[in-house]
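Let's have the full structure, built from the sequences with the hints guiding it.
Protein chains: 2
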Amino acid sequence: MDSNRYCVIMAGGIGSRLWPLSRKGYPKQFHDILGCGRTLLQQTYDRYSRIVPKENIIVSTNIEYSELVREQLPEIGVEQILHESSFRGTAPSIAYVACHIRQLNKNANIVVAQSDQLILDENLFVDTIGKGLDFVAENNKLVIIGIKPTCPETRYGYIQIDNDISVTDKSSIYKVRTFTEKPAYEFAQIFMKSGEFYWNSGIYIWNVQTVIDTLAKMLPDMMNDLERVFAELPNRDERRRRVYEIYTSFPNVSMDLAVMERADNVFVQVGEFGWADIGTWDSLYSTLPKDADGNLNMRSHAIIYNSHDNVISLPEGKLAVIQDVEGLLIVDSGNVLMVCRKGNEGDIRKFLNDARMKMGEEYI
Amino acid sequence: MDSNRYCVIMAGGIGSRLWPLSRKGYPKQFHDILGCGRTLLQQTYDRYSRIVPKENIIVSTNIEYSELVREQLPEIGVEQILHESSFRGTAPSIAYVACHIRQLNKNANIVVAQSDQLILDENLFVDTIGKGLDFVAENNKLVIIGIKPTCPETRYGYIQIDNDISVTDKSSIYKVRTFTEKPAYEFAQIFMKSGEFYWNSGIYIWNVQTVIDTLAKMLPDMMNDLERVFAELPNRDERRRRVYEIYTSFPNVSMDLAVMERADNVFVQVGEFGWADIGTWDSLYSTLPKDADGNLNMRSHAIIYNSHDNVISLPEGKLAVIQDVEGLLIVDSGNVLMVCRKGNEGDIRKFLNDARMKMGEEYI
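Respectively, the protein sequence lines represent chains A and B. Mapping of the first sequence onto this note's numbering: residues 1 to 364, in sequence order. Mapping of the second sequence onto this note's numbering: residues 1 to 364, in sequence order.
Hints may contain errors.
Since the list can't tell identical chains apart, any single copy or any two copies may satisfy a pair.
Result set (DSS-like, lysine-lysine): computed pairs, CA atoms no more than 30 Å apart in a straight line [claimed, not checked]: (1) K24 to K54; (2) K182 to K318; (3) K358 to K290; (4) K290 to K342; (5) K24 to K106.
Calculated from the structure, these hints are not laboratory results. If you're wondering where the values come from, they're calculated on a predicted model, not measured in any experiment.
Put into structure tokens, the structure is as follows:
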């Protein structure tokens, strides 16, 4: 396997949109949400192990979760886990891990993986990501995997491509024209019909120097600080400690907002391997198989009477008895039971914040 | 205190209509359902301790619950607990305990207490039951405490009195004319207006010989068996063992159906102390105080958004987040979560039976 290939698994999120199943102390990536016997993080690791040498897989996570990562991925070494000292956006995470990888290999080609995605055709996925890594080995471009829409989904970000400038017909890589965050349904319909719009998967591919150069342009203060640490501290542990200290001073911004939407060397590579984001209850509901009445039962024991279109998630061994309800999220997890209307994604964060304010940190 | 006074606390029920809070292994009478710091059984004991000498209080329960009774009432001796070997109706329980009490005191006057009732005016209650016990000391009658209806309640049994034959004006004791099980709402309205109908509280008062004589008439086989045990086995422990053995052969019938509705010496004593049965979710809902939106929160932590007329019962320390629901029972207890329509009392038994069939005994 090409030893210049690296993978960064982003596993530092709280997954607050899947609260109360996803908890600050035990976020969604550490759950076996799909019920396949492996957690989302483990599935992600398995998937990228087929593309990248195992010793080149780096997990970027918050210090709070490093023990969970080690438990769930006992096969990776401590040096393959990068800790963040505080919750920031994806841009600082990616900048830190890029500097770290450059230290290991100046010719690294990196795929940045999300740990909360469902991939249907793993072989096609492996093939697609491989082609992307080969492409950035030769091209100083920032590539995002764009997913061909299968429905006018309003929960995803869309990327419009420039049909005229296809970099290579073979692997379908197009220049990006615009980014559009979660659109209204009418727009999503138009986007889908047009054939020019792709879902933003959040999977990035680039070579290490290109991403560092672009970050230096877009977030110069942060990159100066990071570059100084890597230049001044040759000792790995000292570097880690220093980054750990300064991490809280980094801006809380996402890679898309801070870099991808502003850079002029951003391309979309089309992925047709069947993809879904499983970051929210609604995305789980639309992605996972339901019973004849439209109930999504997340492997809970359940006896259901005259009830439609609900999501039911209970701890193992617990029995749900459900009658005469429709369109509810019924989630029993740890010290929280949530019974609320399905389809109001924004409310989950409100619930979580209210639980924090009224009850304390142990409920979030 | 009159040493001829005895009290039998009936504490052998499963409380299946309050499932899944009330469980076969831990029925409602052992829960602090009203949130006053004492369980229903303890409250019942406290209440009758003011009427009957403590050493004359007998708890009649199933063998499965004798340890729970001893834990919750450490002040009573083992000889004050009578075990049943199987779940039968109230008639065999009452027959057994009557024979037991006659052995102790041939002049005993007995009040049979239910352990799942809410009494508002305890002083008036103590006064009323005391008068009833004095009455049966002088009269070979079977007395039921009848509650003056405060609303056209359809969940209770009604007893019609014979207004012409008031035994004594002072303590308002009337001969019974008819029993009517849970009536339709229209009938309940008529009953209430008529002034002749009272709620059947299930609290019975009689002297020991009268109840034994009446039982012998109504259930002769069972009483013959019991009388033989008490005649042939002077040793208390042997008697207990023998009754324990034959108990399963006794009929599964209630005292009301087998005796009270058929005997001609049955009287109603009017109770005006404020009473409610708390045997079902609906009775809890109508009895206990609710918030401004009509939600009954049984001391659970709860954050409630735009929700009306629900019952919420969770384990201690657990948080309920409830949004956009109306008229639901939301009960989280042990290994069962129930989310169902409020007001369909009969369904609870169906749920319980289905849970037993599909999941096993540990869920009921």
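Hint-by-hint comparison with the structure:
no., hint, result
1, K24 to K54, "within (28 Å within a copy, 53 Å between copies)"
2, K182 to K318, "neither (36 Å within a copy, 34 Å between copies)"
3, K358 to K290, "between (35 Å within a copy, 20 Å between copies)"
4, K290 to K342, "both (14 Å within a copy, 26 Å between copies)"
5, K24 to K106, "neither (35 Å within a copy, 68 Å between copies)"
Against the hints set out earlier in the document, violations occur for numbers 2 and 5.
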